[in-house]
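K.L.:
Below, each chain spelled out in residue letters.
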Amino acid sequence: MNVVVTPTMLGQVIISGLLAGALYAVVALGLGLIFGVMRVINVAHGTILMLGAYVTFWWFQLLGINPYLSLLASMPLMFLLGALLQRGLVRRVVGAPELSSLLLTFGISIALVNVAQWQFTSDLRSVEYLTGSFIVGPFAFSKSRTIACAFAVAIAALAAWFLRRTKLGKAIRATSQNSEVALVCGVDVPRVHLYTFGLASALAAAGGSLVAVMVAIQPEMGGVYTFKSFLVIVLGGAGNFAGALLGGLLLGLVEQLSSLFLTTQVSEAVAYVLLVLVLLLRPTGLLGGRAS
Amino acid sequence: MRRAFPALLGLALVLLALYPLVASGYGVRFMLQLFMWVALAQSWNLISGLTGYVSFGHVAFFGTGTYVAAILITKAAWHWGPASVAGGVGAAILALIIGWPCLRLKGPYFAIAMLGLSEVMRVLVSYFEGLTGGGSGISLPTLYASTQIYYAMFLAACAVTGAAYFIITSRFGLRLMTIREDEVAAEAMGIDTARYKLYAFLLSAFAPGVVGGLFARDQGYIEPVAVFPLLITITMIVMTLFGGKGTIWGPVLGAASLFVVEELVWARFLYLHQLLFGAIIVLVVLAMPRGVLGVLQQRYRLPRTI
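From first to last, the protein sequence lines stand for chains A and B. Heads up: the first sequence begins at 1 in the numbering used here, then just goes up one per residue. Heads up: the second sequence begins at 1 in the numbering used here, then just goes up one per residue.
Chain B extracted, bound-state conformation (with noise of 0.2 Å):
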């Protein structure tokens, strides 16, 4: 399996990457939203799964790209590309000026503290009328562009699941896992836990700032209370969280899994979809906290890295 699993991860690579040749459209916005409920899982693993940190409004940093990429394309005539690329920046950004305060702030502190932020966003976008249209949100120039996004937004979980494969493996990695298990032990074997907490929440930030540039393309119309909804941080928590927090697979196993289940609940129980998320929700947290990957990990030896 060790050695079987490079030749088959390459294989999907490359089956993904030619989907958009056969695929129907509705196949290829299906595999794009997938792909970005795996860029935002893994993001969101970055800094919670790996630090231990909560953050409960991550859904901030997705909305920020939308709203500064959907700026730049209406307002400066940016070609998307580019301007998704702003979006990140732009989140990372909002990160810096959020997390050097924030991340001092211990346990639930800090998830309310995010919790905040995103409510606050969503407030301060309708607030600035003039730049961002306010409730009335920003429409986008027409553009059909679904492959080039879905290539884009492929790329873009790929790269972060890359990225948390480098930094799991990494010393880096360590050193955010040793602060999740300990803080004060961290800091007394000389890690400089304020600064590590800090990259990892501005790396966490970026990808969903890119991803939410690529979304505000692909729907064409945003608009305050669509892009900064809870809703969205919650699913990627649970994916990750169904996945297996901290590790490099998990985020990528439960956002494809639940976002596969969602599309069919959503077809099927249009009224309750909710109410069964919900009951998702619960079972998640109460049945399997560690994940599939955990408890994989937990039952066959496992490495650590999986």
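Chain A extracted, bound-state conformation (with noise of 0.2 Å):
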């Protein structure tokens, strides 16, 4: 392929990466937080997605409302379905290896998405409700990918604002730190880890619900938002707030520069080539944090 890059197309595969980009952010905070709290890798934060996703298809079908408005649905149902999940299940593997954590939640992750696949089907749905582009001088902004960002960001802000102000948002940014140290402080912290996944799965269902006005929803979606969201926490640092904002926009431009020049396949190959090597040389993310 020979492609001529003029600023104007790297300018908008930056605008487009970007775009993208606050929307992992806001995924991934949420497998982070998970992360930094309980040391739990949650494969099933994908699947939360989709579920948010659904939320979504039905309250516009069935309501036929403002498909931006299902937010005020998606995440309150995902963080209670999040904090039952917490309190049936994850808590039994809170701090046993890594494996069990990964085993747990992925059997999880597959009864739901068979659960989805038997009532919704596996058919493709799709949320019909904005199309076209805002444009801005020679730049098109995809309208449902600008107003998903500007909701991810207004949703990021409103999460890093409650982490630092309230309480409860102290007491999960300690347990975080130190659990043990949290506990001994008086923190409850399995109280903490009900919540933490709470607000994490409403962070994932928020993401759901934003993709689905961009794209094809079907129960086996979640698992392309799993893997990002793992590379995201990865290059930003876990449990780190600007990590994954920095890590998100950082996914999508990466993303959205090599789609420029291979195709999209390949961008992903990209994205695990610079997973390995942030793995490798700075383990704790780019921003550095807390060492595990």
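No lab work stands behind these hints, which were simulated from the structure alone. Note that the Cβ used here is the ideal one computed from N, Cα and C, for glycine as well. One thing to keep in mind: the hints can contain errors.
What the hints assert, rightly or not - Okay, the calculated bits of chain A under chain B, using three or more residues with CB under 8 Å as the criterion:
| no. | stretch |
| --- | --- |
| 1 | 100–108 |
| 2 | 154–167 |
Stated by the list, open to error - Beyond 10 Å from chain A on every Cβ pair, some chain B residues (computed):
| no. | residue |
| --- | --- |
| 3 | Ala-4 |
| 4 | His-79 |
| 5 | Gly-133 |
| 6 | Ser-139 |
| 7 | Met-189 |
| 8 | Glu-262 |
| 9 | Tyr-271 |
| 10 | Arg-301 |
Dock chain to chain to rebuild the complex, using the hints, since each chain is given by itself in its own frame.
P.N.:
Shown next, in the form of structure tokens:
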């Protein structure tokens, strides 16, 4: 492929990368929170995202109301589901070797995917809402992606405020830094775990509701987002808020930039090489942070 | 029991070797797949059961084997036997390239890197269409060789289990298990951990490559999504875990019992079998993380090398 890259094209690609990246950041933030607080690798994170996307689909299909308002339904619903999963199952593997949490959450994931296939069928669904783009000068901003990005930034800011300013948020951060010391200082660690899993699932659901307007919805759509979230938290450092944002934007940029020269498929391979390099050279993420 | 064991084992092997003479086509295919799972579970056991490094993308080696063998069979007209061995070599080369940097990663990071590897292999195989047929896969020329492949899979399963026996009862195995228990202590005792981890990793990648090649020949058609799914990795892990990881016979027991269960469940609950498999995984992880043999070992003072 011989492509001549003009500055306009490059600018366009950077815009698309940043728009996609903000969304990755919100989803990955949840995964990073769970990993940071509980040391659990949640393979079911993308599955929760998928369920969030279905909430939006049915919301729009049955009620016909603006799909972005479905965030008000998908986030609380997935918060509850996450809290339930944590209370019922995940709680038992906190502190166990990583193999237990990987397998357990994978088991949850295929069970949920199977339920979705059974209840919603495997048909591709879509939310036909916003199409077309805002045109600014030579650049096009896809409407659905721009709005998704705006929501993602707002939700991330809200989550950041929550973690910094509220008592529960502070307890979550304290547990993430050192759960034993947090326990000694009077933090109710099991309760923190419960809320963390709920909050993280709500963030995944937000991602799901936002991508629902952009891509086809089907029960197996979550796997890709789980993988991308891993990439983001490795790039940015787990449990590190600014890191997740940086990692998300970086992943979005790398994907879009490499898709300029290669196909989208190979851009995933580029992201993997980046992942291994970062793991080897900066295992605590690009912004540093706590070593595990 | 201890004296009767070699005789019983010999009898079982003879019976299995004679089985194709009396079995139906379905029976042969069933046992052939069972052997495949024994070999896969046992291979995973070699790296993850012994060193504790969780290979969460072991299917990458299986898939690489299927593609190397399928390409050699279709493009270079190789016989499926040598082609499958070449699949194993291909998988081991991949393991060398990946293992050298990635085995330095600790705990969850190694698992994530391996998960990434299997995803990326699928993507790369889909990308190089000229060689691999891309998303539409490779069709192999028709060949009726179920019985020969049965024996090849049988041999592979025996060979990996034999290898597990020799490793677990040797100093090499002890070194690997020392790494699992405490890597820093192992290093302090003078064990070249990087080298032994890499050896174990290469050994554990070779057999999945070989059985991958045999699988490709047996199926006659392969495509990226079917030979690189995370589900295959998970199945290997759950089988090993159920039987008892780090033991010689655990993966054999786990693979045989779960494969039989899966066949029965698959036949009866076609639509919900993933839900049931998910439930089995959750049960194994929560209720018996040490596996059947691990529990027996604890309760009845069985030897460590079981």
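K.L.:
Compare the structure with each hint and give your call.
P.N.:
Quick rundown of the hints versus the structure:
Evaluation of the coverage hint for the stretch 100–108 of chain A: fulfilled, as 7 residues show C-beta separations to chain B shorter than 8 Å, against a requirement of three. Coverage of the stretch 154–167 of chain A by chain B is violated [criterion: at least 3 residues with CB-CB distance below 8 Å; count 0]. No Cβ of chain A comes within 10 Å of the Cβ of B/Ala-4; the nearest lies about 34 Å off, and the non-interface call holds. In this structure B/His-79 is separated from chain A by more than 10 Å, as the shortest Cβ-Cβ distance comes to about 32 Å.
At roughly 14 Å from the closest C-beta of chain A, the C-beta of B/Gly-133 stays outside 10 Å, upholding its exclusion from the interface. Non-interface call for B/Ser-139 relative to chain A: holds, since the shortest CB-CB distance, roughly 22 Å, exceeds 10 Å. Listed as outside the interface, B/Met-189 is consistent with that label: its C-beta sits roughly 22 Å from the nearest C-beta of chain A, beyond the 10 Å cut-off. With a minimum CB-CB distance of about 13 Å to chain A, B/Glu-262 clears the 10 Å threshold, and the non-interface call stands.
The claim that B/Tyr-271 lies off the interface is violated: its Cβ sits roughly 6 Å from the closest Cβ of chain A, which falls inside the 10 Å cut-off. For B/Arg-301, the requirement that its beta carbon stay farther than 10 Å from each beta carbon of chain A is met, with the minimum near 25 Å.
Violated hints for the displayed structure, listed by number in ascending order: 2 and 9.
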